[in-house]
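Chain by chain, the residues run as shown.
2 protein chains.
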Amino acid sequence: MNIKDKLLEAIATKKVVVGVIGLGYVGLPLAVSFAKKGVKVLGFEKSVKKAQAVNEGRNYIADIEDSDLAQVQEKGLLSATTDFSRIAEVDAVIICVPTPLDKYKKPDMSFIEASCKDIGKHMKKGTFISLESTTYPTTTEDFMKPIIEKESGMREGNDFWLCFSPERVDPGNKTYKTANTPKVVGALGKDAQEIALALYGIAIENLYPVSSPRVAEMVKILENTYRLVNISMINEIALLSGKMNINIWEVIEAAKSKPYGFQAFYPGPGIGGHCIPLDPFYLEHIAKGLNFDLTMINTAGNINNLMPYRMMNKIAFALNRQKKAMNGSKVLFLGVAYKPDIDDARESPALLVMDLVARKGAKVSFHDPYIAEVTDEHGRLWKGVHLTDDAISQADCVVFTTNHSCFDVPRIVEKAKLVVDTRNAVKSVSIEDDKVFKL
Amino acid sequence: MNIKDKLLEAIATKKVVVGVIGLGYVGLPLAVSFAKKGVKVLGFEKSVKKAQAVNEGRNYIADIEDSDLAQVQEKGLLSATTDFSRIAEVDAVIICVPTPLDKYKKPDMSFIEASCKDIGKHMKKGTFISLESTTYPTTTEDFMKPIIEKESGMREGNDFWLCFSPERVDPGNKTYKTANTPKVVGALGKDAQEIALALYGIAIENLYPVSSPRVAEMVKILENTYRLVNISMINEIALLSGKMNINIWEVIEAAKSKPYGFQAFYPGPGIGGHCIPLDPFYLEHIAKGLNFDLTMINTAGNINNLMPYRMMNKIAFALNRQKKAMNGSKVLFLGVAYKPDIDDARESPALLVMDLVARKGAKVSFHDPYIAEVTDEHGRLWKGVHLTDDAISQADCVVFTTNHSCFDVPRIVEKAKLVVDTRNAVKSVSIEDDKVFKL
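As they're listed, the protein sequences go chains A and B. Its first residue numbered 1, the first sequence is counted upward by one per residue in the working numbering. Its first residue numbered 1, the second sequence is counted upward by one per residue in the working numbering.
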């Protein structure tokens with residue numbers, strides 16, 4: 001039996017051992033999804049703390065049921081290690097590492113590169129390798145393949161197989177989790193695609209095969225570029241609407257009554273999270289190398305970058321209406337999570353606004369029911385305060401930066417001296433009144 | 001009984017007489033919708049030909065059933081006139097005139113202005129006036145109201161009422177027609193809104209009231225700006241994808257497998273029709289007056305404007321592959337309608353590409369099963385040819401510019417020497433082969 005048929009048989013009989021590199025919000029749910037189907041999963045994780053948690057059956061990702069993780073760990077179906085030489089033990093390895101941007105918005109490929117080197121060094125012949133991290137089109141073929149071939153001395157398509165299958169994790173989504181979100185799969189060559197569909201078919205309900213890794217890479221970028229562009233567009237129109245005394249939130253709700261050809265996006269103090277503010281710039285990176293200027297992404301990025309400054313201005317001029325300077329005023333921010341009802345502050349625009357306002361001399365504090373403390377990009381640690389009546393009433397300005405559904409908005413507005421609402425938290429006010437200023 | 005209650009009673013008893021100014025693709029379906037509910041409608045139309053057709057029960061709008069129009073005309077519920085002094089006979093008047101842009105992309109308000117003057121001159125006290133034409137926010141209040149008050153000597157809110165309720169007609173849509181598409185209604189003041197909802201409630205199944213005309217004006221612009229921005233974005237990404245050997249249509253279909261947060265738009269040779277290429281520039285116009293630069297609309301507009309030039313290049317370099325110059329080559333365009341399966345060539349990008357290619361010396365012809373002849377923006381009349389085997393095989397290049405579903409694509413590709421496909425008509429080819437070049 002050749003190595004391909006051997007792997008396919010191992011998959012069919014669920015004797016395949018799956019390695020997952022990176023046990024974060026993408027990798028851990030995927031690992032649990034495989035393990036729940038009876039497949040043995042070995043997680044590779046640089047953080048000793050995380051690996052230990054997994055090996056003790058302790059869950060640290062909100063979208064996973066604690067009991068699901070505990071059960072598969074107990075059954076011996078899921079374990080984790082910090083020892084990457086154990087890649088030799090697995091038949092398939094799925095890479096779920098971060099792909100951040102550096103401060104010049106250039107892709108930081110170091111995590112993918114390190115994974116490829118580890119795999120190349122340690123894998124056995126006949127290993128299937130899939131990348132889930134968002135990256136620029138051509139990465140799998142032109143970036144990963146040469147590294148793995150060089151490190152291993154093996155040949156892609158002959159000795160190992162390559163695939164790109166983008167993660168679509170939407171933290172906090174109650175309906176769509178890892179297992180029931182359709183998954184795009186684009187492997188390199190027919191054999192790889194056959195293996196990819198068989199393997200992912202164990203853990204994922206619906207697969208959507210495409211003709212190549214680069215198509216799959218572009219799919220993920222398109223999905224998130226769509227979001228970046230539309231959020232930026234509505235932010236720009238929101239700023240104009242404010243000048244024209246038009247409540248943009250009322251406009252959006254009314255536009256939603258159109259039963260075709262419209263999807264609603266909402267303005268805010270900027271765009272946060274680990275995908276939308278980053279992914280489109282991966283595409284911009286590869287486009288630049290082709291002398292191609294992606295003007296829409298560029299324009300959208302500019303609008304997004306400016307939003308925190310616009311919000312700082314909004315707060316300054318709201319205080320100004322009450323004859324107060326920002327310098328010396330107390331400003332309390334409500335919510336630092338990048339979206340409602342989650343505990344994740346990555347790339348959160350709230351942190352950018354807090355930093356800007358603090359630099360102008362304001363005494364800044366924050367409260368977030370899901371986040372007790374947070375470190376901003378300058379390494380500054382912010383500690384949350386309790387949302388007492390005193391905390392609210394002593395602030396010169398209270399700013400809604402995340403629309404957590406548990407906020408008692410009427411109480412906060414009643415106690416506050418001044419409110420800046422960047423999220424339409426205060427539904428009773430159209431654009432502004434004496435106390436409340438909306439984006 | 002005061003004039004408001006009188007009008008409400010006339011509406012409730014369906015004795016109200018409704019005037020509709022402009023019997024085009026918006027006004028005539030609306031007039032028929034009211035008449036079908038037993039309300040007497042008088043259409044005002046400058047074109048003697050159109051007025052005559054209506055008065056003879058002859059339909060000229062594809063989205064209206066011929067028998068519907070014939071029946072309401074026969075029953076005496078619908079008639080048309082070119083005599084605008086008869087506005088004195090109606091209780092409510094709905095304006096459905098065009099709002100084009102001039103060649104400098106400035107709004108041409110002359111049709112709305114003329115309607116307001118006619119109304120002001122002739123209306124009786126207690127007339128309800130609603131505008132459906134897309135225009136910049138503040139038009140109803142700041143542009144229409146002063147004209148009507150001046151012409152009539154009457155006072156808005158006292159002697160007449162004003163409303164903005166944007167048309168959402170989508171020509172060729174088989175599901176959503178005038179009567180069953182939810183309608184946004186934003187009148188000036190409570191009385192006007194009460195009348196507006198009662199009146200439109202006769203003909204339209206679902207109304208969505210908003211707080212002011214300017215909100216309703218912005219709703220319509222947002223809907224179409226959303227489309228402009230997204231089509232432009234996908235056009236730009238399509239051009240990049242071509243350079244990267246990625247089939248953008250495959251990417252879009254795969255992205256659609258995401259069950260939330262994505263809506264598909266498709267690339268093409270440019271954006272056509274009477275709404276999407278125009279409406280956003282109404283917003284840009286008013287924004288400029290407020291020293292506000294709408295960078296997203298501006299960028300989207302630029303991409304859109306460039307697409308016909310890109311398509312001209314595509315055709316030139318496809319011919320070049322066969323060692324032919326565009327100058328002297330025969331180029332046959334398939335489809336001049338701005339979208340599939342309709343007979344409307346307004347603002348059609350096909351016409352722009354045809355003009356560009358002809359200016360480079362090509363012998364240009366076109367075939368469109370729905371359009372026998374068409375006049376371009378330079379006043380040049382183009383006459384269609386029959387889609388014979390000879391017409392196809394004698395062309396040096398055949399260009400798909402509209403994706404009419406009746407095109408026999410395999411036959412056309414077989415007979416053609418060379419095909420440029422701007423619409424993914426040729427599904428069997430990914431990016432290009434020896435004969436077919438895709439956008």
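Because the hints were derived from the structure by calculation, they are not lab data. Beta carbons: idealized from backbone N, C-alpha and C, even for Gly. Treat the hints with caution; some may be incorrect.
What the hints assert, rightly or not - Simulated restraints, written as ranges between beta carbons of each label pair:
#1 D408/B with E205/A: 47 to 53 angstroms
#2 Y104/B with K383/A: 23 to 29 angstroms
#3 Y60/A with N305/B: 31 to 37 angstroms
Stated by the list, open to error - Some, not all, of what chain A presents toward chain B, calculated at C-beta under 7 angstroms:
#4 F262
#5 N291
#6 T295
task = Enumerate the violated hints, using their earlier numbering and listing them in ascending order.
result = 1, 2, 3 and 5
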